[in-house]
Every structure is written in C-alpha cells, then in structure tokens.
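Protein chains in written order, with the numbering used here: chain A, 1 to 93; chain B, 1 to 117; chain C, 1 to 153.
Take the hints with a grain of salt, since some may be wrong.
Stated by the list, open to error - Covered stretches of chain A, as calculated for chain C (at least 3 residues, CB under 8 Å): (1) 34-40; (2) 45-54; (3) 59-71.
To be verified - Derived pair list, reagent style SDA-like, types lysine to any residue, alpha-carbon separation capped at 20 Å: (4) B:K27 to A:R2; (5) B:K111 to A:R2; (6) B:K27 to A:I40; (7) C:K59 to A:R86.
I should point out that these hints are in silico values taken from the structure, not numbers from a laboratory.
For each residue, glycine too, the CB sits at the ideal point set by N, CA and C.
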Amino acid sequence: MRRVTGLIVLLVLVASLVSGVLLIHPFGDPDASDMDDYIIENAQEETGNNNVVASVVFDYRALDTYGEATILFTAVTGVLLLLRTRKRREESS
Amino acid sequence: MEHIPLNFPFLAAALLVGVSFYIIIFKRNLIKLIMGIAMLASGVNLFLVALGYRAGGGAPIYTDAPEGPMVLPVPQALTLTSIVINVAVLALMLTMVIHIYRHTGSLDSEKSRKMKG
Amino acid sequence: MLSKIVRTVANQLILFILIFGLYVIAHGHLTPGGGFQGGAVIVSGVVMLLVAFSSKELKKSLRERVLSIMESTGALIFSILAFAGIGTAFFYNFLVGTPIFGRIPAPGPGPGDFWTGGVVPLMNLAVGLKVVAGLSAVVLAMALFASGEEIEE
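Input sequences plus hints: build the corresponding full structure.
Structure below.
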C-alpha cells in the first residue's frame, strides 16, 4: 500500500517537472533581462568594481549576504553546541 | 551552439531532482537520505545557473574580457548564497545522525520513528 | 597520525595553500572568487593537516578561544561596514570617490586596478575570516567527537 502510493506520487512529480522544463524559454535566450542589462552597463561607474558578480553580491543585494552570514553563524553555533563531550566521569551511584 | 534541442541542461537538472525524490521516498538508511538531500540541492543549483545563459556569452567580468555579450549575473549571485546555506544545513543534519546512532544503535529510520514518553 | 613522509609533505604544502587562498580572497573584486570561495580553499588546507596529524595533536595549535574571537571579529566588521553609510541608506557604498579604495576604473574591458571597489574588498576580508573560523571549528569538533569515544567508556 505504501509502495503504490509512493510510486504514484513519484510519477506525478517527475511528469510535472519534465513537462514544465520543456515549456519554458529555449536555452540561451532569456526573456526578461532588463534588470541585468542595467546592472552590466552601470556597475563599473556606480560601484567601481571590475567584477559584476561581486558587486551584485556585496553592493546591489547586500542584504541577502547579511542574512546568509547570519545563517552560517547560527549553524556553526548549533553544531558546536551538540558536539560537547562530558568532562567528568559519572561515578556509580 | 545555436539551438540545443529539448533544452538539455534544464532536462538534466529535472532528472537530478527526480532521482533525489526517488531516494527520499523509498530508501530507509539515514545516510542515504542525507545523500539524496544533497543531490536535490545540486540539481536546484544547476537549474539556477543554467537559467541565465546567453548564447555565445562570456563571464560577466570586465578584467581582460573577450568580445561578445555577457551572461546574466544575478542568478550566479543567488546560487552562491544557496550553496553556503546548503553546506550549513548538511552539517547540522550529519551531527543529528551521529547522536541518533549513539542513542538507538542502528541507522534505520523505521526504528527511530515512534516518540517515547 | 600517519607516517613521517606524509607529515613532512603536509608541513611544506600548507604554506602554498594558505597563500593561494589569501590571493583568491584579496582579489575578489577583479577576478572570479571572493570571500566564500577563498575561505573554502583555506579550510581544505586545514582538513589536510587534520588527516596528516591526528586531531589531538591539532587541538594544541588551533585553540577554541582563538577561533571564536576570529569569527566574531569577522561578523562585527561586516556589521560596522553596513551601518557606516546610514546617512543615505543601509549598506551604502560610502568609499567610492575617497582616496581609500575609491578609484573608478576605465570603462570597458581592460586590466583592473587594485585600489578600486569601494567597500567590497573589506567585506570580502570579513566574510573570509568568518568562513575560515566557522568551518574549521566544525570539522575539528566532529573529528574530536569521533575519536574521543574510547576515553568516555
């Protein structure tokens, strides 16, 4: 019973994924690229960077990088909290 | 490289996501489930980067750039964030699997399902 | 702990890996790379040291207090750079035009100048510090936890 339900769900998901992929724009020809054209033309004078991707990550959308740094910090704190070893031996009481 | 039939890179990303769905639904070993989740992350990152390709384009960097149009830079920035978040979540999942193995002694997900009081 | 040949080679190789990682972090505004990528390169060098020497040997050099201070310093520098341009907007690039990191390169393709970029190279350094300290602490804690099981039982 569980295997039949799992198989039906899997077939529906894969069919929707593949049919959705065949219907979007052809590879190499993006539809709406107005924001990226503006960024490519004006990134050198506004930010002074030669690397457009770095100026997008750290200047135009810096708030996303701030949230990602917070996620990294929280995950490292969580892992170090879970991996503590007991220092004292428990005596038989 | 003018016209790639069937949008082949998008199809490869969809197949990766499909295989990872099969692993998550049908496998019971905890380490295999974690590998399935990592494969799902790889498929989504590949799809994001392949969305922003322009035919005949080069990298969006102005230092010694070749002639021709440039690829869209915003999907590459989103993929960078996604990779770092996936690494952090994977580290947390592996730590919890270490603790589950210590408590119950087996890596079967059916044995550690029921909550005990 | 592996044999003497492996330990000697690892001791010599860690210098080149460290220099390459710092190059990728520092030139993040001219070539592909940046804070996250260069941090991952340096962490792979630390993992190589962890495999060559055992984790108990490495615990004497990489103390937990130093790693914690490094990570907190990186996060603090990032926040201070975010709030420094609050007169116009949050995360405003206030160093474009000033003599520190403020030149504007020639438009179009060409060789880049190092002292350009505004606030972006400083942010690269802060994020690189954070990634190095955080990921090497996680790897060291996992290795110590796995090898310390004989001591407890």
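Right, here's what the structure says about each hint:
1. 34-40: violated (count 0)
2. 45-54: Our answer is that it holds, as 9 residues pass the Cβ test (under 8 Å) against chain C, meeting three.
3. 59-71: holds (count 6)
4. B:K27 to A:R2: 13 Å, holds
5. B:K111 to A:R2: 17 Å, holds
6. B:K27 to A:I40: Roughly 46 Å separates the two Cα atoms, so the pair is violated.
7. C:K59 to A:R86: 17 Å, holds
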